[in-house]
Amino acid sequence: DAKTTQPPSMDCAEGRAANLPCNHSTISGNEYVYWYRQIHSQGPQYIIHGLKNNETNEMASLIITEDRKSSTLILPHATLRDTAVYYCIVRVAFGDEKLTFGTGTRLTIIP
Amino acid sequence: SQTIHQWPATLVQPVGSPLSLECTVEGTSNPNLYWYRQAAGRGLQLLFYSIGIGQISSEVPQNLSASRPQDRQFILSSKKLLLSDSGFYLCACKTDTDTQYFGPGTRLTVL
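Note that the protein sequences, when read in sequence, are chains A and B.
Mapping the first sequence onto the working numbering, position 92 (from 1) lands on 92, and the numbers just tick up by one.
Mapping the second sequence onto the working numbering, position 96 (from 1) lands on 96, and the numbers just tick up by one.
In short, the hints are calculated from the structure, not lab data.
Any given hint might turn out to be false.
Unchecked claim - Dumping the calculated BS3-like pairs for lysine-lysine here, alpha-carbon to alpha-carbon at most 25 angstroms:
{"no.": "1", "chain 1": "B", "residue 1": "K79", "chain 2": "A", "residue 2": "K3"}
{"no.": "2", "chain 1": "A", "residue 1": "K52", "chain 2": "A", "residue 2": "K98"}
{"no.": "3", "chain 1": "B", "residue 1": "K94", "chain 2": "A", "residue 2": "K52"}
{"no.": "4", "chain 1": "A", "residue 1": "K98", "chain 2": "A", "residue 2": "K3"}
{"no.": "5", "chain 1": "A", "residue 1": "K98", "chain 2": "B", "residue 2": "K94"}
Put together the whole structure using the sequences plus the hints.
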């Protein structure tokens, strides 16, 4: 079973920042937070991951609360190509072989 | 960075027929390789993973099998397909960064 809770759907206007929340209240100290997205009929795409510090890469930023019980994925300037299902996953680094995908958040970017 | 190829992209097979799906990886050595299945409207389910040539771990016992004849080749097979085998089959690889990257997938329809 997935250890995360995400809203089933969200809309965001094109050009605005998309903020996708994720609750992981039972996260363990050695579990990382990973984000993937899946565009329709494609394989999941890795976005970003982190342990406790905020992380940023060319795709997105990941903000993890101090207690690590929740996080937010930020797409700074959403485009129509960002329309996808976004999955938040927690796993033990160099431990879990299985990625447990929940139902994710279906993000729709509106022109 | 690694590139994952999956063949074929789509496949329609009758019930009871055999199956062979191929995954090949470029740009990395000694990867961990994975087969996932995504049934319509559902999450990803890990089927098999491999940490090396000839080493296969099964997560879900069923009429599917996997083989790894070469370092960067992973094959999913079945002797007799069932209707319930329909789905989107995804190959993934993990390198020393401990992040799984997914291929484009094979969409299998069993009629």
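Here is what the structure says about each hint:
Annotation: proposed proximity of K79 of chain B to K3 of chain A is violated, straight-line Cα distance about 35 angstroms (limit 25 angstroms). Restraint check for K52 of chain A and K98 of chain A: satisfied, since their Cα atoms lie roughly 21 angstroms apart, inside the 25 angstroms limit. The hinted pair formed by K94 of chain B and K52 of chain A meets the criterion: a straight-line CA distance of about 22 angstroms does not exceed 25 angstroms. Taking the CA atoms of K98 of chain A and K3 of chain A, the gap is near 13 angstroms; set against the 25 angstroms cutoff, the hint holds.
Proposed proximity of K98 of chain A and K94 of chain B is supported: the alpha carbons are some 11 angstroms apart, at most 25 angstroms.
Going through the hint list in order, the structure does not satisfy hint 1, though it satisfies all others.
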